[in-house]
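Using the sequences plus the hints, can you model the full thing?
Protein chains in written order, with my numbering: chain V, 1 to 217; chain F, 1 to 217.
Don't read these hints as lab results, they were simulated from the structure.
One should not assume that every hint holds.
To be verified - Label-pair distances were calculated between CB atoms; the ranges are:
1. F/R22 / V/A53: 56 to 66 angstroms
2. F/R55 / V/E98: 50 to 60 angstroms
3. F/A24 / V/A10: 40 to 50 angstroms
C-beta atoms are modelled at their ideal positions from N, C-alpha and C, and glycine is treated no differently.
2 protein chains.
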Amino acid sequence: MIEIKEQILADNRKVADRLRSRLAASRTFLLNLMSSPGSGKTSLLLRTVEALADRYRIAVVEADLDSTVDADRIASAGVPAVQVRTGGFCHVEAVMVERALECLDPAELDLIVIENVGNLICPAQSDTGAHVNVAMTSVPEGDDKPLKYPLIFASCDLVILNKIDYLSLEPFDAEEFARRVKQLNPQAPVCRLSCRTAEGLACWLEWLEAHLRSAFR
Amino acid sequence: MIEIKEQILADNRKVADRLRSRLAASRTFLLNLMSSPGSGKTSLLLRTVEALADRYRIAVVEADLDSTVDADRIASAGVPAVQVRTGGFCHVEAVMVERALECLDPAELDLIVIENVGNLICPAQSDTGAHVNVAMTSVPEGDDKPLKYPLIFASCDLVILNKIDYLSLEPFDAEEFARRVKQLNPQAPVCRLSCRTAEGLACWLEWLEAHLRSAFR
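Next up, the structure:
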């Protein structure tokens, strides 16, 4: 079982590397957004489209076990959205992204976001072909998530803490949360924001724009 | 790969059935509690221990990728807690529960709760050996979770909606949520509660006590 799994992972890494190179050649930035169910991935994407769609050509690859709820929300914001229905599969692999991109024209896009399946575990173990990986969590989930799900926080390029409008209602220690992330991943910035109130969104948007400008220099 | 996976599932089912029978023989009720990260599994267990520990002998099997945060919280409530560190593995299988029970004396217990890894997907696909399965979600996660994670809601015996003290703050339609659950699973009751305020806890405690009384008749 382990050998087979390692073979599958190696095959996936090959597809992921190919995808990354191909998109770099067309200067299309691929970002993988991961979180628990209900942390606010789709809400963040809607805020991002609202802020950047006049300057960047954006598309979204929506992954879900079932339903097209999120793809519908994104499409209604006027951005191309491709739905990947994983049918019970718990995370996105590079081959699924390659298939999804057949429905888009990456050469005509500046940014493609993969909204991964809501899951803090399995997505962190698989390369989607993205140029950067973003891990999101939210205040109601509690400040102990880095202790319990270390891989996703250790292996991402940015951590987003959403729903900070709940900080006054929850026994959530934001400093302690940031310390726990830093211990796992000294490089990754932590952006605290609220997709509902828009507070703190600049941190995320500036990080993203800096990467969009410098990615393929 | 699929054949191997099916073999693993079949092996796991055999272990699960053996475990279920063995615990039934000693009249020890095994309950599997599943949810996303941060929905409030540990908080529910602390409330449950508080309400029932004077009448039932309770123990908890805590599963986490890493850390002993939850087992420590449970143990400090005076209830035996066995920590299963899955080391990156995304759900609990029956063989892990069997190993964990080596640290307890099931014949001396009325109720053992498995606090599964925080994940709405993979735990629903694997039999832990439990007599009943409980799926929990919480208001901040959104009312669309049954649409996006149908298997866990379709295959459980009870659905718990936690953090109802947030209902006034969130665009969460509790009636629509209940309808979505019912469509997937007409048998499973839905208990709405708040582990923080204790509102609605009676629904869960009465369901649990009814099962404890009638399980091995």
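Checked hints:
With their beta carbons about 59 angstroms apart, F/R22 and V/A53 fall inside the hinted range of 56 to 66 angstroms. Distance hint check for F/R55 and V/E98: the Cβ-Cβ separation is about 57 angstroms, which falls inside the suggested range of 50 to 60 angstroms. Checked against the hint of 40 to 50 angstroms, the pair F/A24 and V/A10 passes, with Cβ atoms roughly 44 angstroms apart.
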